[in-house]
Amino acid sequence: MNNRPEPTNAIEIRFMLNGRETVARIDPAERLLDTLRYSLDMTGTKEGCAEGECGACTVLLDGVPVDSCLVPTYQVRGRDVRTVESLTPQELQPLLETGATQCGACTPGVAVTGCWLRRHPELLETHSVREVMAGNLCRCTGYDGIVEGVEAAMRGDGMKKKA
Amino acid sequence: MRALLPNSLKEAMAMITAEPSPPTPMAGATDLLVHWPVLGAARDRTYLDLSALRELRTIRWDNGRLTLGAMTTYWDVVRDDRIGKEFPLLVAAARQVGAIQIQARGTWAGNIANASPAADGVPVLMAYDATAELISPDGKTSEVALDRFYSGYKQMAMRKDQLITAIHLPRRAHSFGVFEKVGARRAQTITKVGVAAAHSDAGWRIVVNSVAPTIRRCRTLERFLDAGGSGKPAHRPDDLVPLLAPDISPIDDIRSTAAYRRTVLARLIYHHLRGRTPAIV
Numbered sequence: 001m002n003n004r005p006e007p008t009n010a011i012e013i014r015f016m017l018n019g020r021e022t023v024a025r026i027d028p029a030e031r032l033l034d035t036l037r038y039s040l041d042m043t044g045t046k047e048g049c050a051e052g053e054c055g056a057c058t059v060l061l062d063g064v065p066v067d068s069c070l071v072p073t074y075q076v077r078g079r080d081v082r083t084v085e086s087l088t089p090q091e092l093q094p095l096l097e098t099g100a101t102q103c104g105a106c107t108p109g110v111a112v113t114g115c116w117l118r119r120h121p122e123l124l125e126t127h128s129v130r131e132v133m134a135g136n137l138c139r140c141t142g143y144d145g146i147v148e149g150v151e152a153a154m155r156g157d158g159m160k161k162k163a
Numbered sequence: 001m002r003a004l005l006p007n008s009l010k011e012a013m014a015m016i017t018a019e020p021s022p023p024t025p026m027a028g029a030t031d032l033l034v035h036w037p038v039l040g041a042a043r044d045r046t047y048l049d050l051s052a053l054r055e056l057r058t059i060r061w062d063n064g065r066l067t068l069g070a071m072t073t074y075w076d077v078v079r080d081d082r083i084g085k086e087f088p089l090l091v092a093a094a095r096q097v098g099a100i101q102i103q104a105r106g107t108w109a110g111n112i113a114n115a116s117p118a119a120d121g122v123p124v125l126m127a128y129d130a131t132a133e134l135i136s137p138d139g140k141t142s143e144v145a146l147d148r149f150y151s152g153y154k155q156m157a158m159r160k161d162q163l164i165t166a167i168h169l170p171r172r173a174h175s176f177g178v179f180e181k182v183g184a185r186r187a188q189t190i191t192k193v194g195v196a197a198a199h200s201d202a203g204w205r206i207v208v209n210s211v212a213p214t215i216r217r218c219r220t221l222e223r224f225l226d227a228g229g230s231g232k233p234a235h236r237p238d239d240l241v242p243l244l245a246p247d248i249s250p251i252d253d254i255r256s257t258a259a260y261r262r263t264v265l266a267r268l269i270y271h272h273l274r275g276r277t278p279a280i281v
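Going down the list, the protein sequences come from chains A and B. The opening residue of the first sequence carries number 1 in my numbering; numbering runs sequentially from there. The opening residue of the second sequence carries number 1 in my numbering; numbering runs sequentially from there.
Quick caveat, the hints were computed from the structure, so don't treat them as lab data. Among the hints, erroneous ones may be present.
[As the list claims (entries may be wrong)] Simulated restraints, written as ranges between beta carbons of each label pair:
#1 B:N7 to A:R25: 17 to 27 Å
#2 B:D161 to A:E21: 30 to 40 Å
#3 B:G84 to A:R20: 51 to 61 Å
#4 A:E51 to B:S142: 42 to 52 Å
#5 B:G64 to A:S128: 34 to 44 Å
#6 B:E19 to A:R25: 36 to 46 Å
#7 A:E12 to B:S8: 14 to 24 Å
#8 A:M154 to B:T263: 36 to 46 Å
Since this is a predicted model, take the numbers as computed values, not measurements. Even for Gly, the Cβ is constructed at its ideal location relative to N, Cα and C.
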């Protein structure tokens, strides 16, 4: 999977990836997005704009959504990273049921941010679903399906059906 | 490219001293990674990663001041109820600087040091009379008022071997405060024209972004407001244009035009301040 040459000034870092202790030897110029996809075979995280605008590459860093295209990998040393691969099918069910996905390019990021909000309902005391999801751009479905899917997840709709 | 990875401020300062030329400090990396040197000559650069310096990720209330350690993120401030009550403009700006993915990474000190004329964090800090605390390689610290920090485009009262360690904000009773940015859309946008306005016993502060080479106070307009309009109050937005003119120099660029910026800035200020001061009726 990783056929890139060993960088001359490689750094070895350790961090938690989806709950597992992970060691990676990285080029200092590597972005977390690339390390996940090309060194660690975690290809669920997608590259969209590569400048922190579209949110397709969203992962949780110490429990908060960040754009992995804007994270130099060395910054996650000793920290906790969770990717879309850490989500369960049950968590994703509400997004499927409301038609919150079409071409799928934005979906991993939407799922990470949406499922994060579901685990932090207290955020809705100060934020709307749309404000929380503002960093995840979709160019296909429009946002109603996404917002409905997240709201259904907040109510526990999809979870109940599966349970 | 090289990355220096200190675990303490002391270690960071030692690394700066040991380098032939000062490395580029990095905090949340939201600006630096957009132009990340994956190829070519830029790979010769050396970065100093400050993200592991927990001692700088602090929020303290003491001596009549709020102190944000240099690694404090926008999201840290959004989630702090006490800051929301005493310094609501900080939260207002933090929520508009970018989406949560950006708020979670970007730091207030990084916004100061990146010195963008479109910075959204700096105007509210300046409206609250914030100061930046700097540390030099010899360990000595000093404070610079933000409204005297910028002298030109990306020109700062800070040497390349210094780091920002904290931001201090005096705690005052404010009778008015507003922050508004205008962009192509509401979220994830770079400001075309923006303003932070605040009033306290120290007087009016009108701080603007994206209309000059630096974030800056509109001191001519502030004097007019502090004087209550001197018997000649502004009756319409256009009356504010000549009062803003001495302190701004907007340009045409990819995001907007000088004329739009000049007009909209006057309208924003008129809209928000009308009836809040005898100077604007």
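- prompt: Honestly, do G84 (chain B) and R20 (chain A) meet the 51 to 61 Å range at C-beta?
  reply: The hinted range 51 to 61 Å is violated for G84 (chain B) and R20 (chain A), with Cβ atoms some 37 Å apart.
field: 36 to 46 Å as the expected CB spacing between R25 (chain A) and E19 (chain B), which holds or is violated
entry: At roughly 24 Å between Cβ atoms, R25 (chain A) and E19 (chain B) fall outside 36 to 46 Å, so the hint is violated.
- prompt: Does 17 to 27 Å hold as the CB distance between N7 (chain B) and R25 (chain A), or does it fail?
  reply: About 20 Å separates the Cβ atoms of N7 (chain B) and R25 (chain A), which means 17 to 27 Å holds.
- prompt: Using the C-beta atoms of E51 (chain A) and S142 (chain B), is the stated range 42 to 52 Å upheld?
  reply: Violated: the Cβ-Cβ distance is about 35 Å, outside 42 to 52 Å.
- prompt: In this structure, is the beta-carbon distance linking D161 (chain B) and E21 (chain A) contained in 30 to 40 Å?
  reply: holds, 37 Å
- request: Return holds or violated for the Cβ distance of M154 (chain A) and T263 (chain B) against the range 36 to 46 Å.
  value: holds, 42 Å
query: Can the suggested window of 34 to 44 Å be confirmed for the beta-carbon pair G64 (chain B) and S128 (chain A)?
result: Once the Cβ atoms are compared, 35 Å apart, the range 34 to 44 Å for S128 (chain A) and G64 (chain B) holds.
task: Given the hint of 14 to 24 Å, check if E12 (chain A) and S8 (chain B) actually sit that far apart at their C-beta atoms.
output: Since the Cβ atoms of E12 (chain A) and S8 (chain B) sit about 20 Å apart, the hinted range of 14 to 24 Å holds.
In terms of the numbered hints stated before, the structure departs from hints 3, 4, 6, listed from lowest to highest.
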